[in-house]
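Chains as they are written, first to last, in this note's numbering: chain A, 1 to 100; chain B, 1001 to 1482; chain C, 2001 to 2628; chain D, 3001 to 3194; chain E, 4001 to 4493.
No lab work stands behind these hints: they were computed from the structure. Among the hints, a few may not be true.
[What the hints assert, rightly or not] Label-pair distances were calculated between CB atoms; the ranges are: (1) K4281(E) - H2198(C): 22 to 30 Å; (2) E4111(E) - F1462(B): 28 to 36 Å; (3) I4468(E) - R2546(C): 50 to 58 Å; (4) I4071(E) - F3135(D): 53 to 61 Å; (5) D1098(B) - A3153(D): 24 to 32 Å; (6) W3139(D) - H1265(B): 29 to 37 Å; (7) E2587(C) - T4457(E): 39 to 47 Å; (8) P1439(B) - F3097(D): 55 to 63 Å.
Where a beta carbon is used, it is the ideal one built from N, C-alpha and C, also for glycine.
Spelled out from the first residue to the last, the chains are:
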Amino acid sequence: MIAPFSHVLIVAGILFALGAFCAVVRRNLIMIVLGIEIMLNAASIVFVAASLHLNNLDGQSFVLFILAVAATEVSVGLAIIVYAFRRTGSFDPRNFNLLR
Amino acid sequence: MNWITYAGPEIFYLGASLWFLLLSFAPGQKVVANGAHRREYLSAMLLASIGVLVCLASVHAQGWLFVRSYSVDIFSQVFKTLLALGLFLIVCICDRMDDVDDNRHNEFYFLLFTCTLALMLLVSAEHLLSIYLCLELSSYSLYILVGLRKRRSLGLEAAIKYFLIGSFASAAMLFGMALLYSACGTGYLADMAKTLPRILDSPAVMIGLLFTLGGFFFKLAVFPFHSWAPDTYQGGSNQVAAYIATASKVAAIAIILRVVASTAHDSAYLARVLVILSVVSMTLGNLAAIAQKDLKRLLAFSTIAHSGYILIGILVLDSAGYAATIFYALALLAMKFTAFMVVVEVAPDGRNLQIEELAGLHKRSPILALALLTALFSLAGIPPTVGFTGKFLIFTAAIQKGYVALVIFAMLNVVISLYYYLLVIKAAYLLEPAQEMPPLVVSFPKKLLAGLSIAVILFAGFCPYWFIQIAQAAAQPLIWGR
Amino acid sequence: MPGSPSHTLDLAAMIAATMLPLASCLVILIAARSRPRLCAALSIGSATIALVCSIALMALNSKMGAPIQFTTDFIASSGLNIGFGFLLDRLNLLMIVVVSSICFLVQVYSLGYMAGDSGFSRYYGFMSLFTWAMMSLSLSASLLQLYFFWELVGLSSYLLIGFWYEKFSATQAGKKAFIMTRAGDTAFFIGILVLFLHTGDLSIANLGSRAPLAHLSPSFLTLCALLIFGGIVGKSAQFPLLTWLPDAMEGPTPVSALLHSATMVAAGVYLFARLFPFFSLSAVAMSVFLAIGTISMLLASTMAMVSRDIKKVWAYSTISQLGFMIMALAAGGYFAGIFHLTTHAGFKALLFLCSGVFIHHFETNDVYELSRRGARRMLIPMVSMVLGAAALSGIPPLSGYFSKEAVMGSLAGLADPVWLAAGLTGVFLTAYYTFRLIFILLFPRKSEVSSAPSHESAPHTAPAMALPLIILATVTAVLGFFETPLKHFLENGMIPGIVTGVRVGAWPHMAALALALAGVALAWTEFGRKGAEQIGFIDRIPVLYRLFSERWYIDRFYALLVDLVVDRGLSRLCNLNDRKVIDGGIEGVCGATVESGKVTAVLQTGMVQYRLIVIFAVLALLSLYYYY
Amino acid sequence: MTLYGIFFYLISAVVIAATAVAVTRENLLHAVVYLIISFFGTAMLFYLFGAPLLAALEVIIYAGAIMVLFLFVVMMISSRPSGEALFPPRQFLPAVFFCLLYLLVAAAMAVQTPGLNAPLQTLTASPRLFATYVFKYHWFSIEVISMLLLVAAIGALNLGTAGRPGVKKDVPEQPEKPPTGSNPGAQVSGRTED
Amino acid sequence: MHMEPASFPFLSAILLSCIAGMFTILFIPEEKHRLIKQVSAVFSGICLLLTLYVFFAFNRRVGGMQFVENIPWIPSLGISYFNGVDGFSLPNLLLTGIVFFTGVLTMWELENRVKEYFALYFVLVAGVFGLFMSLDLFFIFVWYDVSLFPMYLLIAIWGTTRKEYGAMKLTLYLLAGSSLILPAIIFLWAKSGINTFSFVSLMHPGLFSPADQKFAFLLLFLGFGILAAVWPMHTWSPDGHVAAPHGVSMVHAGVLMKIGAFGVLRVAIMLCPLGWIYWAKLMAVLAVIGIIYGALVGLRQTDLKYVIGYSSVSHMGVVGLGLSTVTVEGLNGAVFQMFAHGIMTALLFSSVGYIYDRTHTKAIPELGGLSRIMPVASAFFILAALAGIGLPGLANFWGELLVFLAAFKVYPLFGVIAVVTLVVTALFMLRVVQKAFYGPQNPHFAGLKDLSPWLGTPRAILAAVLLILGLYPSLLFNVIRTASVPFMHGLPR
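Same shape as in the complex, but just chain A (with noise of 0.2 Å):
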């Protein structure tokens, strides 16, 4: 018996609220698309113990896949990132406004 599922879930809450809070709060790109990264590992650990708890394998594939995603979102944000940080030199989300 390891520990009751619903303390995993108030781990993974507390994971995924930090991830949003850093997404939200720090006015970096960089540090938004980690804060998402940390949602996404928050999701997958709810996944995993839920995979546990019900016994099925669904969730552990859901992980599985989730790597994947987080794969593939790092890869393209971090292009677009650095092709904005190159093209505008800054991080600094304020300074993206032209759209009227």
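Dock chains B, C, D and E against chain A, hints included.
Frame of chain A; chains B, C, D and E shown alone:
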């Protein structure tokens, strides 16, 4: 090998996208005026039209694939046909695409076909995992499509905003799916439909469902997740904006219908949440659209308002509501495409069109002005057009369930929306251009397309009998599945 | 509907008498605008046919018993049938004879008067329109039909007063006349509706017989009577609504002669007589009518004493004579009122036509100017003018004396002597102002004589204008002696039981005659005598003079009422309310939505992370909402 | 409270602490390193919950590939700290408020939902068993994920570079500033292409 | 409700000829102005003849719905293309036919963008025809909005003073009205239980509970009231009248405002009689305020069209009063007044239009002495003004007589106010006539020429109708009676 017969359209579109991948690898093609574009454009047109035929052929396919995680039924096939039609129409207006780098046309078509494939898979997906992945595939291809624009500064900024909000929403959706999965014990929507009624009102299920729907609401541009739409429409090239407004909207409607139909039969909480979201997004969309100067940004806000009307159809949670929403999807496709076609035609060099630049359109090209008039009146919901019939069906379903106040509020929003649509029509019909504009040269197939779309909007509006039949047939599997 | 042979003849005559003028009016106005001679012929032709028919009708039915009635259902809309058609009885017969004869004479007269006027054909178009309306009014069978033509008579008076529409004062007078009569008509209309709702039937014959109305409550009867009397006050220019008649003199003189002295203004008295049995049911109403009649009689005569315009004097005198008729009828003297109406129509038309000749020739209305220019040298008009004036002030051999006696007789019959006293003062004043005018005309003051040589031959009056004068003069002279046959003719046609004026001593007649002569004498001392400086005793008291010339400030009161209350007050208020309150409110709402639109649009352009905060916040709040 | 229980609480504490510190670091480099530590903790959790293959993959892909990519990008940009407040109040206060609100709701949800507080048994899914399951039930998702990775590669390629060398210069830049004043047609020249 | 299927589908023929007219005009090249006008005159003439035939072939004795056509349109919702004419809708149909034909002839001298004008004009009138003849609630709403959207373009492009403001205000007001009507119609459909929009089956007494009837009636009354210029919601109509070109304002004031009153009568009153009885007092109060208000504000106006606009508000108040008295006379009077007012306003606007085309000014102070310069044109205006005052011998008198009769029976005080307003109306109408037509001749209008015979015919037709109905009103009353008596008879007390 039954899946070959069932997954005909999907296989075709997979092949088509791979074909464009190969084209992009073709070595050393010099940029010949727009000669090079000719070849891609023609192959795209050909493949898109065959795609439509394939979808029509497989409309009556019926069955389960991939171990119950992929259902093929009349509902999914109707939406696949709609998506194929949407793609074909978008490709039609891609003939003079000066707004995408010259050597990137192949990638453009590849991403376009992949996104359509993803949306088609999304429509039939029955397992949370496959829904999530198809959604991600379509979103990522759209992020990149928005990025591909010759006017780098606009395309880039739109891509960043679209990407960030999109991934944030999909992360939240994933967390919601985790909660849902842990509470229901199964990933398959069909099983959820059986187990949920018992445990429907426990908090984990409800909040999980809310977060999951959040992801789809992002696709539909409903209130909290709508902020990407104005920038993406304005930032992205005209053809991409057209595609997002039509095809991805239709797929979003499909997946929300499927999820809501199988999970939330008559949960009062979800209905109240949907009422709040629909009211806010209607008002927000209509109010913000009043002050717009850029035509595409105005159409973006009108899409947000239309997502509000669609939510009314969904929150009714019964077959009449679903049929009305499906009909509305068809209407939306027709109306939005005509509006964007006029935008593409009036700004051939792909620049962002200001409303003032529409001045004198009725003289420069009467058929386009008439198409714009019909599209805008249909978006506003004035009777003889398909927009009105869509709204009418949704309102009948809503009032049957007793949402009279909501319908009156929606109608007041229609009045506000007519105000800014009339401003655009006033620009097209009344204002005289500052300096004498050259007459618009509109090729004959384009005139035919404009005339056809006007005819479809008016015909489907005035005698919608067959389209309502189709919508009602498509709504059956949602109920039958329960 | 009785179908016996003689009646079809009457019906044919009545239809001819009424429909032909309508036909000629339509033909003139639509088709024959360009040919004046044809229009005159058409109009006078239809007037003569009307006269012949009415005389024939009079001859055929002089001994008739019960009234003959031909009605058809005009609007049968569910349980309410408004019948339209013709009613013929003794009162109508007398009325149509008077109307058609005066119409005929005035139209002949206008041949001369209007010769050479640019709107000649239009004039005759309106004249036949008036003839149609007046004839149908006198013959109408139901109260609503009477109201129908009552309004059309008002319309033709508007068109004829404002005939020379290029003169602003003419159109102003026409508008004033129409509005005032219209005010009276609304009271009349409300009276008809109330009556109709309670009794369910508007035919005059039923209203005439007393039986069905007995069961109605007295207060309701008085209300109805007063309302209908409102119409009479409007049309016959009685006390509150009398100022439009003097202004109506802007129209051509034949119009004043026909409409504003003999026929149209008499329609009110005719209606009174028509509903006499109905009115007499409520004593309260009768006393009110008596009071109004007296006040308007006295007021008008005071105004006449100071006026310098010849037509205005006769207009005031018409109002006062109408006051006399209303007093007579209100006092129960049914025959007295009717007889005075007929005689008055005769001599007042004569007076107007004579003054018309003077105005036509000397182009001025002012009495002193006329006398200076030597109006007295025109023989026929002057003689007939004197004859008419004598009849007006009630000098014995003429018809005026007999009808005034009848009126005095009925007034004497009343219990309260004050009405008789008022009547007598009225007689005195009438005599005074009439002969004031005559003496001013007859004895021009040499000192202000204009340079025109006096030896110039007497100005010649056109035969077309002279002939009607002669006829009317003979009628005024002779009519007095027909009093008794007329009395028999009218009275036994009446429904028995109406009190017809009890025989009273001879002294009221003697007093009336004495006062009339005293009036003439006073006028002689002030105006006729060699040395008199022709200034009336009223002119010496400036306060009174201004009071009377300002028509007792009634006009100013109405102008104030319309300007302040309606124009500047209510309608400015409503207009402001319309622009500011309603429009303002709705513009405000629309402005607010547009402004909020701008605000939300700006909100949408925030930084990316604000949008992420919004997403997360909304998700959190919605999940919290679950527990709510 | 078995050994695994203590172990579980210990590791989750580590993970939460590492993430919290990573979020609050001013210097990007430190943030990424702390995050790698937190991902190692997550891998251990996976192992605890009986998913050894996932734990390994987590270490290889997450901690290995993704974080290394982050490190690489951060090192390449080496942007000097912008000197602004780490947590700008306009974003900080609402974010904190709503995160706490969310935590409150998540806690209430976790406690109240009937089925969720059952204790977890210790079972492990061997990689063989897991692999056969995934390929039997979810081979459709594998097809889709492969398409997704392909699209990501092409996307990174196209967006990352200004396109293949030798391509002609971009269209002169026309940022669509809203046309000032009444002349709609005038083009406002924006920043030049760097 | 007695139903008589039509031997030949006349009603659809009217609609068809309107739509066919529009399409033929679309295919004529723009520069052939004369041909376009002739084609539109021919088609509007056909429409007029058809309406006249339907009017005279209507079986007065039998009454009920005649010339009925019924084609199922969307069976799943119970919507059917269901046309029919009864005592209430027939006068309006005839009115539309007359105003349509005369409207086309009045705009004979239009020069700029002629093709678009007449195409939109045909769509507008097709919408109005559709509404008057349809018995299906869905189609009543569809035709109501079809007539709405050409109105914006017609006023905004060819209008006169403040045209954009007037056009936008008018369209938004009317759409706000429709945004109240549609929910009410669907509410009735939902509450009726029988899955049909057909008006005849919904009219079955006892189908709706009193509470529903009260709620639905209020919504419908406010919705259609906006179009019928009921008092607080009337400000759009004077602005709309002034802004519109006179051909459009003929249809607008002459017919569109009748759609509002007809809508109240057909949908609100006939489907929710209990609601009608409950809200009758409110209707009466608003109507009387409208009568007084319209007349008083009309006094202050200096623009000729504004005066007519506000007089229309006052006359529509009389119609509202008639409807609010819940009596047979009230209904008869109201429907007759709708017809009479339609013709009168059409005549007023066509003559103002002619004057505006010649003098290019509508401000009353600037006009003067027109009677001398163009006697025929001013004669038509004066005739219409007299009809406006409610002079007997012209059509309006009979409508107002019956309405005031009914008003006196039910609300005596309101009746008195309404009748007294006749004096105020007379005041401002005659003031206009005096300033504009009589009085000293304005020097620089000297050279203007009078109405040519061809331009005179439309105005002559309207004047003739006014006179004929004035002298022989039962021509129309017999038709209206066939509908009002059975309806009031069947009214649950």
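*Outcome of range test on Cβ distance (W3139(D), H1265(B); 29 to 37 Å)*: holds, 31 Å
*Taking 24 to 32 Å as the hint, is the beta-carbon distance of D1098(B) and A3153(D) inside that range?*
holds, 27 Å
*H2198(C) and K4281(E) - C-beta distance against the hinted 22 to 30 Å*: Holds - the Cβ-Cβ distance for K4281(E) and H2198(C), about 23 Å, lies within 22 to 30 Å.
*With respect to the beta-carbon atoms only, verify the hint that P1439(B) and F3097(D) lie 55 to 63 Å apart.*
This hint holds: roughly 58 Å between Cβ atoms.
*That 50 to 58 Å hint for I4468(E) and R2546(C) (C-beta), does it hold up?*
Taking Cβ atoms as reference, I4468(E) and R2546(C) lie about 53 Å apart, which means the hint holds.
_Is 39 to 47 Å respected by the C-beta to C-beta distance linking E2587(C) and T4457(E)?_
holds, 42 Å
_Hint check for F3135(D) and I4071(E) - Cβ pair distance inside 53 to 61 Å_ = Holds: the Cβ-Cβ distance is about 59 Å, inside 53 to 61 Å.
*Could one say that the CB atoms of E4111(E) and F1462(B) fall in the range 28 to 36 Å?*
Distance hint for E4111(E), F1462(B) holds at roughly 33 Å.
The structure fails none of the hints (numbered hints given earlier).
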